[in-house]
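Engineer: Spelled out from the first residue to the last, the chains are:
There are 2 protein chains.
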Amino acid sequence: MKKINVGKKILSENEKYAFENILFLAEQKKLCLNMISSPGSGKTTILTRTISELKNKIKIGVIEGDIQTDIDAERIRATEAPVVQINTNGACHLSAAQISAALKKLPVEDLNLIFIENVGNLVCPSAFELGENGKIVVLSVAEGDDKPAKYPAIFAKSKVLLVNKIDLLSGGQVDFDIERVKVDARRLNKGIEIFPISAKTGEGMADWYDWLIKSVEKK
Amino acid sequence: MKKINVGKKILSENEKYAFENILFLAEQKKLCLNMISSPGSGKTTILTRTISELKNKIKIGVIEGDIQTDIDAERIRATEAPVVQINTNGACHLSAAQISAALKKLPVEDLNLIFIENVGNLVCPSAFELGENGKIVVLSVAEGDDKPAKYPAIFAKSKVLLVNKIDLLSGGQVDFDIERVKVDARRLNKGIEIFPISAKTGEGMADWYDWLIKSVEKK
Chain A
1 MKKINVGKKI LSENEKYAFE NILFLAEQKK LCLNMISSPG SGKTTILTRT ISELKNKIKI
61 GVIEGDIQTD IDAERIRATE APVVQINTNG ACHLSAAQIS AALKKLPVED LNLIFIENVG
121 NLVCPSAFEL GENGKIVVLS VAEGDDKPAK YPAIFAKSKV LLVNKIDLLS GGQVDFDIER
181 VKVDARRLNK GIEIFPISAK TGEGMADWYD WLIKSVEKK
Chain B
1 MKKINVGKKI LSENEKYAFE NILFLAEQKK LCLNMISSPG SGKTTILTRT ISELKNKIKI
61 GVIEGDIQTD IDAERIRATE APVVQINTNG ACHLSAAQIS AALKKLPVED LNLIFIENVG
121 NLVCPSAFEL GENGKIVVLS VAEGDDKPAK YPAIFAKSKV LLVNKIDLLS GGQVDFDIER
181 VKVDARRLNK GIEIFPISAK TGEGMADWYD WLIKSVEKK
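As given, the protein sequences belong to chains A and B, one line each in that order. Going by the working numbering, the first sequence opens with residue 1, and the numbers climb by one from there. Going by the working numbering, the second sequence opens with residue 1, and the numbers climb by one from there.
These are computed hints drawn from the structure, not numbers from a lab. Some hints could be false.
Treat identical chains as interchangeable: a pair holds within one or across any two.
[As the list claims (entries may be wrong)] Under the rule of at most 20 Å between Cα atoms (straight-line distance), these lysine to any residue pairs were calculated in the SDA-like manner: (1) K200 - G171; (2) K214 - Q28; (3) K157 - T48; (4) K200 - Q173; (5) K30 - A81; (6) K190 - D207; (7) K157 - Q68; (8) K150 - Q68; (9) K159 - D207; (10) K200 - F176; (11) K150 - G90; (12) K200 - G172; (13) K150 - A78; (14) K30 - E74; (15) K218 - D175; (16) K200 - D146; (17) K200 - L169; (18) K200 - S170; (19) K157 - T69; (20) K150 - T69; (21) K150 - T45; (22) K182 - T69; (23) K157 - T88; (24) K29 - Q68; (25) K29 - L106; (26) K157 - G90.
Please model the entire structure based on the sequences and the hints provided.
Structural biologist: This is how it looks when you write it as structure tokens:
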């Protein structure tokens with residue numbers, strides 16, 4: 001019986017669209033960031049706060065990936081940022097073909113920065129390039145400080161690690177050694193930028209905004 | 001070019017092993033539960049506390065699934081429960097073939113209950129039957145109360161929902177409406193048992209233990 005290398009074939013089809021997206025974003029000189037995390041790490045709250053607080057500096061659009069519902073897209077829409085919803089109907093990651101279609105629905109020419117909020121999953125989205133300029137991994141302190149060691153792929157591939165919900169550390173109810181996370185993440189990825197933040201209280205967000213503004217200016 | 005229905009083929013191969021596991025567990029009259037959640041919801045802490053507190057009542061073994069590392073297996077081993085580690089090396093779920101091999105390494109005849117701790121992923125493991133008698137989904141309150149609506153598959157398929165880290169609610173730092181979770185989970189799955197617990201403080205664990213003991217007695 002012939003063996004078929006299924007993983008490679010799917011990736012190659014995906015890579016074709018990813019390459020198209022890379023070319024399109026380069027021509028348009030737009031920054032596109034692919035935000036990846038487990039469910040409930042706070043991706044949407046980070047985005048809504050970032051969009052609102054930077055609205056006079058950079059114009060942000062969002063491609064919102066969810067398995068089901070448009071709960072998150074509605075939250076983004078409330079900021080008045082343009083948003084395109086993708087429902088994967090069970091699939092565990094966004095594909096480059098979906099991003100290609102979504103980019104055609106966004107008013108890209110009016111934007112400086114496009115965020116892709118991937119499906120909540122720390123594993124699968126890391127294997128599918130979407131043509132983005134960089135990945136942003138979000139880890140909530142409630143998830144524990146062993147995650148870079150246990151889920152290395154996404155930490156190895158990301159430009160930025162946002163350690164979110166640091167407000168929970170002040171109550172003493174969450175055990176989380178941020179130094180361990182920094183050491184483990186930088187062992188996988190020497191150049192990764194790490195910003196401890198609370199998207200709820202705003203703590204630490206200024207450094208993240210500076211990084212975003214500088215990254216947009218470089219395009 | 002011929003189209004190949006890849007998803008179905010993989011599931012069918014998996015189902016063959018799952019069926020073998022079902023038969024094996026039925027012959028042995030052992031309860032096997034497949035624990036599924038996002039990374040960092042507290043699966044391992046739930047297991048170590050459950051094993052320790054029930055050690056005079058039921059004998060528990062664990063099949064420990066991780067993408068990388070044996071951090072969790074070491075924590076289980078410290079309870080003196082038998083444990084078999086599976087490293088998926090990047091794969092996002094455990095397969096029934098892996099469970100079949102792991103069952104051969106456990107002293108099944110000496111056990112009442114076998115827990116499978118699946119890879120931390122709320123999406124993919126729900127699609128792969130392992131031959132278990134039931135799925136246990138764990139949701140930490142830090143992940144938010146919209147998760148049954150946004151990730152319905154695993155809530156629809158589970159026998160039990162453990163809502164973990166309820167100790168975080170007392171500090172007032174986490175917004176989480178447990179009634180919303182109960183309504184949404186029961187809309188997907190009328191018979192699902194829901195136990196709010198803190199594996200850290202022990203709150204609520206007694207009801208979970210009662211359910212486990214009764215389920216073992218039924219085998």
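Engineer: Each hint: holds or not?
Structural biologist: Tested hints:
Proximity of K200 to G171 under the C-alpha cut-off of 20 Å is found in both arrangements, the shortest distances being 15 Å within a copy and 15 Å between copies. In this assembly of identical chains, the alpha carbons of K214 and Q28 lie at most 20 Å apart only when taken from the same copy (17 Å versus 62 Å across copies). Neither within a single protomer nor between protomers do K157 and T48 lie at most 20 Å apart by alpha-carbon distance, with minima of 24 Å and 32 Å respectively. Taking identical chains as interchangeable, the C-alpha atoms of K200 and Q173 lie at most 20 Å apart whether they share a chain (17 Å) or sit on different chains (10 Å).
For a Cα distance limit of 20 Å, the shortest separation of K30 from A81 inside one copy, 16 Å, qualifies, whereas the shortest one across copies, 54 Å, does not. In the homo-oligomer, the alpha carbons of K190 and D207 lie at most 20 Å apart inside one protomer (19 Å), although the nearest pairing across protomers, at 46 Å, exceeds that limit. In this assembly of identical chains, K157 and Q68 lie within 20 Å of each other by CA distance solely across copies; the values are 16 Å between and 27 Å within a copy. Taking the shortest alpha-carbon separations for K150 and Q68, only the inter-copy value of 5 Å comes in at or below 20 Å, while the best intra-copy value is 27 Å.
For the homomeric pair K159 and D207, the shortest alpha-carbon distance inside one copy (14 Å) is at most 20 Å, but the shortest distance between copies (44 Å) is not. Taking identical chains as interchangeable, the C-alpha atoms of K200 and F176 lie at most 20 Å apart whether they share a chain (18 Å) or sit on different chains (14 Å). Taking the closest pair of Cα atoms, K150 and G90 come within 20 Å of each other only across two copies (10 Å); inside a single copy the shortest separation is 24 Å, beyond that limit. Taking CA atoms no more than 20 Å apart as the test, K200 paired with G172 passes in both settings, with 17 Å inside one copy and 13 Å between copies.
For the identical chains of this complex, K150 and A78 are inter-copy neighbours only, at 19 Å across copies versus 36 Å inside a copy, given an alpha-carbon limit of 20 Å. Taking the closest pair of Cα atoms, K30 and E74 never come within 20 Å of each other, the shortest separation being 24 Å inside a single copy and 46 Å across copies. Proximity of K218 to D175 under the C-alpha cut-off of 20 Å is found in neither arrangement, the shortest distances being 38 Å within a copy and 38 Å between copies. In this assembly of identical chains, K200 and D146 lie within 20 Å of each other by CA distance solely across copies; the values are 17 Å between and 23 Å within a copy.
Taking CA atoms no more than 20 Å apart as the test, K200 paired with L169 passes in both settings, with 13 Å inside one copy and 16 Å between copies. For a Cα distance limit of 20 Å, the shortest separation of K200 from S170 qualifies both inside one copy, at 13 Å, and across copies, at 18 Å. In this assembly of identical chains, the alpha carbons of K157 and T69 lie at most 20 Å apart only when taken from different copies (18 Å versus 28 Å within one copy). Only between protomers do K150 and T69 lie at most 20 Å apart by alpha-carbon distance; the minimum there is 6 Å, versus 29 Å within a single protomer.
For the identical chains of this complex, K150 and T45 are inter-copy neighbours only, at 16 Å across copies versus 25 Å inside a copy, given an alpha-carbon limit of 20 Å. For the homomeric pair K182 and T69, the shortest alpha-carbon distance between copies (18 Å) is at most 20 Å, but the shortest distance inside one copy (34 Å) is not. In this assembly of identical chains, K157 and T88 lie within 20 Å of each other by CA distance solely across copies; the values are 19 Å between and 23 Å within a copy. For the identical chains of this complex, K29 and Q68 are neighbours neither inside a copy (32 Å) nor across copies (38 Å), given an alpha-carbon limit of 20 Å.
For the identical chains of this complex, K29 and L106 are intra-copy neighbours only, at 15 Å inside a copy versus 57 Å across copies, given an alpha-carbon limit of 20 Å. Taking the shortest Cα distances, K157 and G90 sit within 20 Å of each other only across copies (14 Å), while inside one copy they are farther apart (24 Å).
Consistency note: the structure conflicts with the earlier hints numbered 3, 14, 15 and 24.
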